[in-house]
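With our numbering applied, the sequence shown covers 30 to 174.
Because the hints were derived from the structure by calculation, they are not lab data.
All figures in this text were calculated on a predicted structure; none of them were measured in a lab.
Glycine is no exception: its CB is placed at the ideal position from the N, C-alpha and C atoms.
Using C-beta positions, here's what the derived DEER-type ranges look like:
no. : residue 1 : residue 2 : range
1   : S115      : D60       : 25 to 31 Å
2   : I126      : M147      : 29 to 35 Å
3   : P54       : N114      : 18 to 24 Å
4   : T134      : G89       : 24 to 30 Å
5   : T144      : S51       : 30 to 36 Å
6   : S119      : F38       : 20 to 26 Å
7   : P54       : V151      : 29 to 35 Å
8   : E64       : K94       : 33 to 39 Å
9   : K65       : K152      : 38 to 44 Å
10  : P77       : K143      : 39 to 45 Å
Once the Cα atoms are required to be at most 16 Å apart in a straight line, the calculated EDC-like pairs of lysine to aspartate or glutamate come out as:
no. : residue 1 : residue 2
11  : K94       : D116
12  : K44       : E97
13  : K71       : E98
14  : K71       : D60
15  : K44       : D116
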Amino acid sequence: WWAKFKETFNDIVYKSHRHQCSTAPGGCKVDKKTEKLLKVCKRRFPCPVRPCTVMDPDSGALLMKQGEERLNSYSPTLTYLLRCNSDVTSLLSGTAIKAITAYVTDYITKTPLKTHAMFTAVKTVFSRNSDLFSGESGDRKICAR
30 WWAKFKETFN DIVYKSHRHQ CSTAPGGCKV DKKTEKLLKV CKRRFPCPVR
80 PCTVMDPDSG ALLMKQGEER LNSYSPTLTY LLRCNSDVTS LLSGTAIKAI
130 TAYVTDYITK TPLKTHAMFT AVKTVFSRNS DLFSGESGDR KICAR
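Just need the whole structure built from these sequences, with the hints factored in.
Here's what the structure looks like:
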């Protein structure tokens, strides 16, 4: 079982945790607003290599062990179970916890459509099917649907 775990885990890490900078439109070395090339990767790669986990004496931040400069931090178990890129970081400070809470809340509550577009779609559905909503259709099964 461990051999299969290691093989699967290594394959997932190789395919989904490696970062390659891109200068294509929308890439990590292109400014989204101006579309000009950037000198530094927006995702802060390459990362500094660290042989072990240490604490930054200036900020108190926990700097995780980093063996490769182009790989995200990861948890082998989480990577194996989720089978996708799962950037793992330490959330020991109150500021980090507040930031991630705000990010997740914003992410899960964003609507795919703007409000005016949603109302236009609803209005169109109602106007095209007004006889169904008013109950004027002769077929009761169609009205009930």
